[in-house]
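When we follow full-length UniProt numbering, the leftmost residue of the sequence shown carries the number 1, and every step to the right adds one.
No lab work stands behind these hints, which were simulated from the structure alone. Accuracy of the hints is not assured; some may be wrong.
Claimed, not checked - The calculated BS3-like cross-link candidates involving lysine-lysine, where the alpha carbons are at most 30 angstroms apart (straight line), are:
#, residue 1, residue 2
1, K180, K163
2, K151, K168
3, K180, K159
4, K51, K80
5, K147, K158
6, K159, K80
7, K51, K35
8, K21, K51
9, K180, K147
10, K151, K180
11, K147, K163
12, K147, K168
13, K158, K35
14, K199, K180
15, K199, K80
16, K147, K199
17, K199, K168
18, K158, K199
19, K51, K151
20, K51, K180
21, K168, K180
22, K163, K151
Unchecked claim - Here are the simulated distance ranges between beta carbons:
#, residue 1, residue 2, range
23, E73, D29, 19 to 25 angstroms
24, T166, N115, 15 to 21 angstroms
25, Q11, A162, 39 to 45 angstroms
Ideal Cβ positions, reconstructed from N, Cα and C, are used throughout, including at glycine.
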Amino acid sequence: MFCCTTLEEVQLVIRDDMISKAIIPISIDLPFLRKLTLGSNIRLRPEFMQKLLHGCPLLEELKLVCCFLYEMEIYSPLLKSLIIIDCDGFSMFISCPGLLHLDLELYSREIRFTNLTSLENAFIHFPVSGMDCYEILSSLSNATTMKLFGKQFQTIFKKDLAKCSTFKNLRELVLDECLKSRNFDIMACFRRCSPNLGKSCFRDIEEERPMEKAIDAPEHDGDAYNDDNDDIYSNDDGDQDEDEEYVD
């Protein structure tokens, strides 16, 4: 499956939510693949993403649902749509200068954006607080639509909003209801640095859940940092797990 000269679209989904698989292809050669969907309960080690982006030179749309991503780096000059929903990981680095659409719902300890100069639409939900986030707002400065959810953005706004000179293309802004504050008027700050802003409002995440969540996936327990949830970080010594599969 990971070596085919004609495939243009692949959807790989594990339907049994009691099984977790780490799929490690020996090699990836999909020269015409443009759209890839992976989920759910798939564990993707860093070397998988490296092989994927190298072996899929025309990949434009990548969707990951209910996957565990370990330490993930996504660098692609051609990727146009990146959707990551209900995923866990230790760290996430995204650098995609051609990216137009970003839909991100991620439980991670560290997140860094860079070089998202073409981004038009951003839907970002950080379900937990206490994450280390870098260059989030500055990387969204060219977006026309931003929908930002999660208490983590309280920290991001207070730290980074003043550093962003302008959101010159921003026309629609939706912020989480939980970000309302008497002491810090976030919406007013955005209006001052967004000369073309039209629609702006606070809304609950349940009202703005993205339509792209199309794969049948188990509900996330939101406990990525619970010390009792050790199984999610097990076998991190680099050895092959019993349920890992090496495939061609």
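For each hint, the structure was consulted:
Under the criterion of a C-alpha separation no larger than 30 angstroms, the hint pairing K180 with K163 is consistent with the structure, at around 20 angstroms. Only pairs whose Cα atoms come within 30 angstroms are accepted, and K151 paired with K168 is accepted, the gap being roughly 25 angstroms. For the hint pairing K180 with K159, the CA-to-CA distance comes to about 16 angstroms; that is within 30 angstroms, so the pair holds. Of the supplied pair hints, the one linking K51 and K80 holds, its CA atoms being roughly 19 angstroms apart against a limit of 30 angstroms.
Proximity of K147 to K158 is assessed by CA-CA distance (about 17 angstroms); at most 30 angstroms being required, the pair is judged to hold. Between K159 and K80, the direct Cα distance comes to roughly 29 angstroms. Compliance with the 30 angstroms bound is thereby established for this hinted pair. Between K51 and K35, the direct Cα distance comes to roughly 16 angstroms. Compliance with the 30 angstroms bound is thereby established for this hinted pair. For a cut-off of 30 angstroms, the pair hint linking K21 to K51 stands: about 18 angstroms separates their Cα positions.
Simply put, K180 and K147 have alpha-carbon atoms about 14 angstroms apart, close enough for the 30 angstroms limit, and the pair holds. Note on K151 and K180: the hinted pairing holds, with a Cα-Cα distance of about 10 angstroms set against a maximum of 30 angstroms. Taking the CA atoms of K147 and K163, the gap is near 20 angstroms; set against the 30 angstroms cutoff, the hint holds. With a C-alpha separation of about 16 angstroms, the suggested pair K147 and K168 falls inside the 30 angstroms cut-off, and the hint holds.
A distance of roughly 37 angstroms separates the Cα atoms of K158 and K35; the hinted pair therefore is violated under the 30 angstroms criterion. The straight-line distance between the Cα atoms of K199 and K180 is roughly 17 angstroms, inside the 30 angstroms bound, and the hint therefore holds. The suggested pairing of K199 with K80 holds, with an alpha-carbon distance near 25 angstroms, which does not exceed 30 angstroms. For the given pair, K147 sits about 11 angstroms from K199 by alpha-carbon distance, which is consistent with the 30 angstroms threshold.
Taking the CA atoms of K199 and K168, the gap is near 14 angstroms; set against the 30 angstroms cutoff, the hint holds. Between K158 and K199 the CA atoms are separated by roughly 22 angstroms; this keeps the pair inside 30 angstroms, and the hint holds. The hinted pair formed by K51 and K151 fails the criterion: a straight-line CA distance of about 34 angstroms is larger than 30 angstroms. In summary, the hint linking K51 to K180 is not supported, as the alpha carbons are separated by about 43 angstroms, beyond the 30 angstroms threshold.
Note on K168 and K180: the hinted pairing holds, with a Cα-Cα distance of about 23 angstroms set against a maximum of 30 angstroms. Between K163 and K151 the alpha-carbon distance is near 20 angstroms, which keeps this suggested pair within the 30 angstroms criterion. The beta-carbon spacing between E73 and D29, approximately 21 angstroms, falls within the hinted interval of 19 to 25 angstroms. A C-beta distance of roughly 19 angstroms is found between T166 and N115, which places it inside the suggested range of 15 to 21 angstroms.
Under the hint 39 to 45 angstroms, the C-beta atoms of Q11 and A162, about 43 angstroms apart, fit the expected range.
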